[in-house]
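Engineer: Residue numbers (my numbering), protein chains in the order written: chain A, 1 to 551; chain B, 552 to 718; chain C, 719 to 830.
One or more of the hints may lead you astray.
Unchecked claim - Simulated crosslink set (EDC-like; lysine to aspartate or glutamate; CA at most 20 Å straight-line):
#	chain 1	residue 1	chain 2	residue 2
1	A	K37	C	D736
2	A	K478	A	E499
3	B	K633	A	D244
4	C	K801	A	D508
5	A	K99	C	E750
Stated by the list, open to error - Pulled from the structure, derived: some chain A residues nowhere near chain B, Cβ distances all over 10 Å:
#	residue
6	F7
7	V139
8	E158
9	E278
10	K330
11	L423
12	R438
13	T494
14	E545
Unchecked claim - Covered stretches of chain A (chain C as the covering partner; in silico rule of three or more C-beta atoms under 8 Å from a C-beta of chain C):
#	region
15	44–56
16	222–229
Just so you know, the hints here were simulated from the structure itself, not pulled from any lab data. Predicted model, so just to flag it, every value in this text is computed and none were measured. We treat Cβ as the ideally placed atom computed from N, Cα and C, and that holds for glycine.
Chain residues, written in single-letter form:
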Amino acid sequence: MYRYDEFDQALVNDRVEQFREQVNRRLSGELTEDQFKPLRLMNGVYLQLHAYMLRVAIPYGTLSANQLRTLADVARRYDKGYGHFTTRQNIQFNWPALKDIPDLLSELAQVEMHAIQTSGNCIRNVTADQYAGVAAGEVEDPRVYAEIIRQWSTLHPEFSFLPRKFKVAVTGCREDRAAVAVHDVGLRMTRDDAGEPGFEVLVGGGQGRTPVIAKTIRNFLPKRHLLSYLEAVLRVYNQLGRRDNAFKARIKILVNSVGADEFARMVEEEWQAMPDQELDLPDGELERIQAYFAPPAYHDLPDDPPAYAAWRRHDPEFARWVQANVAAHKQPGYAIVNVSLKPHGGAPGDATAEEMEAVAELADRFALGEIRVTHEQNLTLPDVRQEDLYELWQALAHHGLATANVGLISDIIACPGLDYCSLANARSIPVAQRIQERFADLDRQHDIGELKVKISGCINACGHHHVGHIGILGVDKKGQEFYQLTIGGSADETASLGEIVGKGFAYDEVVDAVETLVDAYLEHRARGEAFLDTYRRVGAEPFREKLYAAD
Amino acid sequence: MPLIDRTGWAVTDPWVEVETLEELPDGQAAILPAEVFQEHRHALDGRNAALGVRLPNDQPVDEIAPDLHRLDAVVLEFPAFKDGRAYSQARLLRQRHGYTGEIRATGDVLQDQAIFLVRCGFDRFEVDAHTAERWQAALRRISVVYQPGRDDSTPAPWRRHARRAAE
Amino acid sequence: MASKAKGPKAVTANRLSDGVVVYLTPDDRWAETPDQADWAEAPEDQEALLTRAQAFAGTTVVAPYLFQVIPQADGTPRPSHMKEVMRANGPSVRPDLGKQAELAHPGTGEER
Numbered sequence: 001m002y003r004y005d006e007f008d009q010a011l012v013n014d015r016v017e018q019f020r021e022q023v024n025r026r027l028s029g030e031l032t033e034d035q036f037k038p039l040r041l042m043n044g045v046y047l048q049l050h051a052y053m054l055r056v057a058i059p060y061g062t063l064s065a066n067q068l069r070t071l072a073d074v075a076r077r078y079d080k081g082y083g084h085f086t087t088r089q090n091i092q093f094n095w096p097a098l099k100d101i102p103d104l105l106s107e108l109a110q111v112e113m114h115a116i117q118t119s120g121n122c123i124r125n126v127t128a129d130q131y132a133g134v135a136a137g138e139v140e141d142p143r144v145y146a147e148i149i150r151q152w153s154t155l156h157p158e159f160s161f162l163p164r165k166f167k168v169a170v171t172g173c174r175e176d177r178a179a180v181a182v183h184d185v186g187l188r189m190t191r192d193d194a195g196e197p198g199f200e201v202l203v204g205g206g207q208g209r210t211p212v213i214a215k216t217i218r219n220f221l222p223k224r225h226l227l228s229y230l231e232a233v234l235r236v237y238n239q240l241g242r243r244d245n246a247f248k249a250r251i252k253i254l255v256n257s258v259g260a261d262e263f264a265r266m267v268e269e270e271w272q273a274m275p276d277q278e279l280d281l282p283d284g285e286l287e288r289i290q291a292y293f294a295p296p297a298y299h300d301l302p303d304d305p306p307a308y309a310a311w312r313r314h315d316p317e318f319a320r321w322v323q324a325n326v327a328a329h330k331q332p333g334y335a336i337v338n339v340s341l342k343p344h345g346g347a348p349g350d351a352t353a354e355e356m357e358a359v360a361e362l363a364d365r366f367a368l369g370e371i372r373v374t375h376e377q378n379l380t381l382p383d384v385r386q387e388d389l390y391e392l393w394q395a396l397a398h399h400g401l402a403t404a405n406v407g408l409i410s411d412i413i414a415c416p417g418l419d420y421c422s423l424a425n426a427r428s429i430p431v432a433q434r435i436q437e438r439f440a441d442l443d444r445q446h447d448i449g450e451l452k453v454k455i456s457g458c459i460n461a462c463g464h465h466h467v468g469h470i471g472i473l474g475v476d477k478k479g480q481e482f483y484q485l486t487i488g489g490s491a492d493e494t495a496s497l498g499e500i501v502g503k504g505f506a507y508d509e510v511v512d513a514v515e516t517l518v519d520a521y522l523e524h525r526a527r528g529e530a531f532l533d534t535y536r537r538v539g540a541e542p543f544r545e546k547l548y549a550a551d
Numbered sequence: 552m553p554l555i556d557r558t559g560w561a562v563t564d565p566w567v568e569v570e571t572l573e574e575l576p577d578g579q580a581a582i583l584p585a586e587v588f589q590e591h592r593h594a595l596d597g598r599n600a601a602l603g604v605r606l607p608n609d610q611p612v613d614e615i616a617p618d619l620h621r622l623d624a625v626v627l628e629f630p631a632f633k634d635g636r637a638y639s640q641a642r643l644l645r646q647r648h649g650y651t652g653e654i655r656a657t658g659d660v661l662q663d664q665a666i667f668l669v670r671c672g673f674d675r676f677e678v679d680a681h682t683a684e685r686w687q688a689a690l691r692r693i694s695v696v697y698q699p700g701r702d703d704s705t706p707a708p709w710r711r712h713a714r715r716a717a718e
Numbered sequence: 719m720a721s722k723a724k725g726p727k728a729v730t731a732n733r734l735s736d737g738v739v740v741y742l743t744p745d746d747r748w749a750e751t752p753d754q755a756d757w758a759e760a761p762e763d764q765e766a767l768l769t770r771a772q773a774f775a776g777t778t779v780v781a782p783y784l785f786q787v788i789p790q791a792d793g794t795p796r797p798s799h800m801k802e803v804m805r806a807n808g809p810s811v812r813p814d815l816g817k818q819a820e821l822a823h824p825g826t827g828e829e830r
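Full structure from sequences and hints, please.
Structural biologist: What follows is the structure, encoded as structure tokens:
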């Protein structure tokens, strides 16, 4: 993974000291809250229901074991012993004191971590496929370009005060595990007719109040033009994005209002007018960054060694964990391990300091010291030898980190909701927990198969409910928590927005409603068909009929 | 409000700002709203003193681009410091149109923006006394940049390769 | 929105230094539990309460606002809206954290 040089380190150190001064100016009253708020947001500091919340960046979801250990330490010493992994591959701490945050950031800076631009109207954490570098069929490791974009976008003098937040995601494969179609800019690596790698550029995707699937504005962009083209997109947005209404200020609104073709033309015009090569990286810089993402020195190992196959035969629990949580690695003899942070009854995406340390230790022992954070709020160990999987599984199980539910109904994505968030209208975590409880039987979960449930506690959609196979949106109906259901959303390369099924359900009814949707699926599914495929084949009516049969 | 230069030094302001053609003082450097300038550009030909315009932040700089050779100052606005449109305006004036006159920042301008403003090509700033005092220190706060700018800092990608070349 | 509704209201905010939820008391302190909060029924008294609170918005608290309360038999106010109940107690999914935990086990709260 990327390692800071003296320049990267100096910038992060300087930003910590600049933020320390800003905090002091606020504490002394020199800055009003109105002045301080944009400044603290630019460094990831929110004020939530119970306390401040700090969102620490995990660039493109990649962490070293040492960084994860430091996050555990920070959780223990500055917070209440846990953190929350988010749908943008970052981590959130829910209880830091403002006056302590500069020191906290100083400690993070020592392990090359920061909270720069994790909030505010600027370019946010660039997210990427959590299987980057280890999945088959990748054009190139997208994290190389995520790192290039990260540097270019950090404290960018022209784009630090945009109309609204700006989110970029990159995928290196046709399989999209980075949800690029619901980002402000999505980049899909691809090849031109001559086989040269480059990017398909999508713009104007997003969720929130106005969910939109992004539009392709450029089928192929050569790699060397990546930054200049992004600069053109941002310049058009900075100048023309709406500033009169925060709910209409994202780039998706601009793209919709002028039309994708016209938007593409405006970007092209701006881009063509830019001085040639102004933003090309100097010779050697791309290679320097690529070197950090070169594949490790894999050993020459047989695929599916006999011992591994034998454990699967003899230990059905292990076999079930392999089936749900282990993915194919491009290197024979290796595997990708997903660590579920969705134990039944836990808060989705939360990890205690002890759990973080356990994962860090296991990453060092079994996974070449690297961990990934997924936008579905789980962790991934990207490079595990198949011959080590049994031992790793036992160790994970010992720490409660081996729930065999990745991609299944109890692998729920949920925002913090009304339990933590000042924007929320309803709780999301207890709804997730009660769904897990209803479907606690893992055999039943495996029989149901892949079913992505996503829960948001308000219309801002941080739980990504619009792209859930089943989406749940919490609303406030006359002071009571109420939930609207959608079905058929998807965040992958077949991206779609969920369809509202009908009238909503009270807190006491919503889990029954979800179970009814699952029953409807089981009744209609063709052999081997997942929930999403059944919906796409039969439509919403069979689900509605069953759900509202009593009405 | 004090006027400072890029390094934070207070400078006297040679410009007077007026709203209409009628108010334009004879023989003195004056700034007009861009709209007024455009309406009367021919009447202003051969004016015996320097001329500048104030361009609202929702107007494209292209509108004054043909006349930049006659303008010695452009005043850009920050109605709220969160409103970052003027950064793009300044950058386009410098880079796209090669403008070498004064670009002034007015409105809600805090020390926290100093680095961004200077790097986008602003060279005069209307700020309160407190901000003026802190400007220089604010400029020195961040010692590394990743992007090219209109100040004299070399972006990190070039510094790292210059260092390697020297080794 | 609670602040548009009628009925008794008190003022709450978050403490500037550490974000802890606080309530304005009759003697202009910021207490950590709502039962100590000053409250008022008439709109003009509520405005006066908010004005008193805003004097502290420089260096003591952040963004004070009025919220609905239900006065108890002993005259002390209790929050009525679920969001304010949540702020007074702590996250419903972590009864071991926040004010609810400190009230159950006094002295286990962290020094700030």
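Engineer: Against each hint, give a clear statement of whether it holds in the structure.
Structural biologist: How the hints compare with the structure:
{"no.": "1", "hint": "K37/A / D736/C", "verdict": "holds, 15 Å"}
{"no.": "2", "hint": "K478/A / E499/A", "verdict": "violated, 24 Å"}
{"no.": "3", "hint": "K633/B / D244/A", "verdict": "holds, 12 Å"}
{"no.": "4", "hint": "K801/C / D508/A", "verdict": "holds, 18 Å"}
{"no.": "5", "hint": "K99/A / E750/C", "verdict": "holds, 18 Å"}
{"no.": "6", "hint": "F7", "verdict": "violated, 4 Å"}
{"no.": "7", "hint": "V139", "verdict": "holds, 23 Å"}
{"no.": "8", "hint": "E158", "verdict": "violated, 4 Å"}
{"no.": "9", "hint": "E278", "verdict": "violated, 7 Å"}
{"no.": "10", "hint": "K330", "verdict": "holds, 30 Å"}
{"no.": "11", "hint": "L423", "verdict": "holds, 19 Å"}
{"no.": "12", "hint": "R438", "verdict": "holds, 45 Å"}
{"no.": "13", "hint": "T494", "verdict": "holds, 36 Å"}
{"no.": "14", "hint": "E545", "verdict": "holds, 49 Å"}
{"no.": "15", "hint": "44–56", "verdict": "holds (count 6)"}
{"no.": "16", "hint": "222–229", "verdict": "violated (count 0)"}
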